[in-house]
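Colleague: So the protein sequences, as listed, match chains H and A. Taking this note's numbering, I'd label the letters of the first sequence as residues 18 to 242. Taking this note's numbering, I'd label the letters of the second sequence as residues 11 to 326.
Label pairs and their in silico Cβ distance ranges:
#1 300/A <-> 213/H: 33 to 41 Å
#2 163/H <-> 85/A: 51 to 59 Å
#3 53/H <-> 46/A: 23 to 31 Å
#4 144/H <-> 281/A: 45 to 53 Å
#5 78/H <-> 285/A: 38 to 46 Å
#6 138/H <-> 181/A: 20 to 28 Å
#7 216/A <-> 118/H: 17 to 25 Å
#8 213/H <-> 46/A: 45 to 53 Å
#9 105/A <-> 79/H: 46 to 54 Å
#10 73/A <-> 138/H: 55 to 63 Å
#11 300/A <-> 204/H: 37 to 45 Å
#12 277/A <-> 108/H: 49 to 57 Å
#13 118/H <-> 78/A: 37 to 45 Å
#14 295/A <-> 78/H: 41 to 49 Å
Treat the hints as calculated values from the structure; they're not laboratory data. Where is the CB? At the ideal position from N, CA and C, for every residue including glycine.
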Amino acid sequence: MAFVSPHGLSFDIAHMLAGLLVLVSFMMLYQLRLLALLHVLGLHAFVLALSVAWQAHIQGAPHLYITAGMALAFKAILIPWALRRMVFQMGLHREIETVGGIGITMLAGIALVALSLQVMLPVTANADPVAREDIALALSVVLIGLLIMVTRQNAISQVVGFMSLENGINLAATGARGMPLVVEITVAFSILVAFIVVGVFLFRIRERFDTIDISELDRVRGGQM
Amino acid sequence: MIYPLLAQLVQMTVILTLSPLLIGLVRKVKSRLQRRRGASMIQPYRDLRRLLGKEAVVADNASWLFRIAPYFVFASTWVAAALIPTFSANLMFSWSGDLIAITALLGSARFALALAGMDVGTSFGGLGSSREMMIASLAEPAMLMIVFSVALIAGSTELSTIAGYMLNGQVGLRVSLAMALAALLIVAVAENGRIPVDNPSTHLELTMVHEAMVLEYSGRHLAMIELAASLQLMLYLSMVACIFIPFGMAADANRPLLDAVGFFAWLAKMAAGGIALGVAETIVAKMRVFRVPNFLGAALMLGLLGVLLLFVSRGM
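So here's chain H without its partners, still in its complex pose (with noise of 0.2 Å):
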């Protein structure tokens, strides 16, 4: 079969699995249920490791094959379970959301890709096109991650939002040749210790103010209303 695409297939593999994760981040900016916001984020981290173990594949990288594992057993598995627990502890389960219109939000995820692609190509025009379009894609993720925690009233929504920044980040060093292992490894682990200081934060402001809703700190803090 004659085969005239620019790159050829692994290059646009590659750049498929990067669109996925862009698409899958706005499952996320979509949902309000809460559980199902875990879900999407565990959806997420699954097509982060197989954009990573498929990294390694075109790269000749073993070491990334590490990576894109402890992506898919922390933050696509251990995470969200943990998540998950504790939303069903905090009685959090059946909780929705009241987002200022999904319509505004979507809009502005698109004006964050489109800023991106238009931030990111022109700047690294002589680069790897693979690398090229992997990184405008994964800073619409980190984005993107940012203003799910901007627009998120609850507490967990946010560490969700933070998660899916961490996952873009993830995506850029990978798509870039030459990231060392231990610096990988370094960054998953200070997101489990991140993510463990969170977890027992969200207790301590459950204990004192019942709630975990970030516009509730504001009236405890004095109002600047």
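Got chain H sorted already, so can you dock chain A onto it with the hints?
Modeller: Below, chain A alone, put in the same frame as chain H:
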């Protein structure tokens, strides 16, 4: 000379005669998954025959529009469905199978049905029509975005050209096409009134959309509308198959053997699509009517994102 005409004729009749079977298949899958035995797969045909045999009851104050609308809806849906390449990308009239034309045909069918829903002046008809128009006004921009992103890649809005382009393997995997596929699935669900948007098997006044519009119809009019609805489902399924999984479809004209292969491939795709739809409808819950704009908004956003990616980088 005679073969192309025959192939086109086969396409038109097959899509008409098999569409109730698709509905039957979806119902069967759903009832099996709910641990019911369910009606036979040919039950929709029996329903149509029964409806055709019954007297059509028309309200006193119904205008000519009310009588004309079912036939108009059926005719334009059938024409649109017949233009979709199913087993061959190269039929006699495939030059007219343009995505925008198909969208316009379906749009005019919906317009006629919405007018007919309001014609008699019952509250349900008006309610259904206004909801249907709300959904349409959101689904059509999304559909246009999908058309744009597919047309930007394939260089044409003509379905047969698109299918031919996808068939020869030049495309590879594209992020924007994946977005367009996701958006098209959402639009298809909304346009056909399938479960997360509308439930085709209930008459619950709080949620029904399509059923509320056609509540006043009976007899042969209702048969026409039901047949048009099943044609529309088959149309969308064939459209997804033709754009995104055209494999097996005959690329050259006038090759009976290739056409036969394409035909069976198409049958397999339809069966797979019907089963997938049945499973999806079983595991998803119906959403509130006021959630529908968000759902369709997501389709619009995906389409927009696909077009955006294409404009920024040809490689996506």
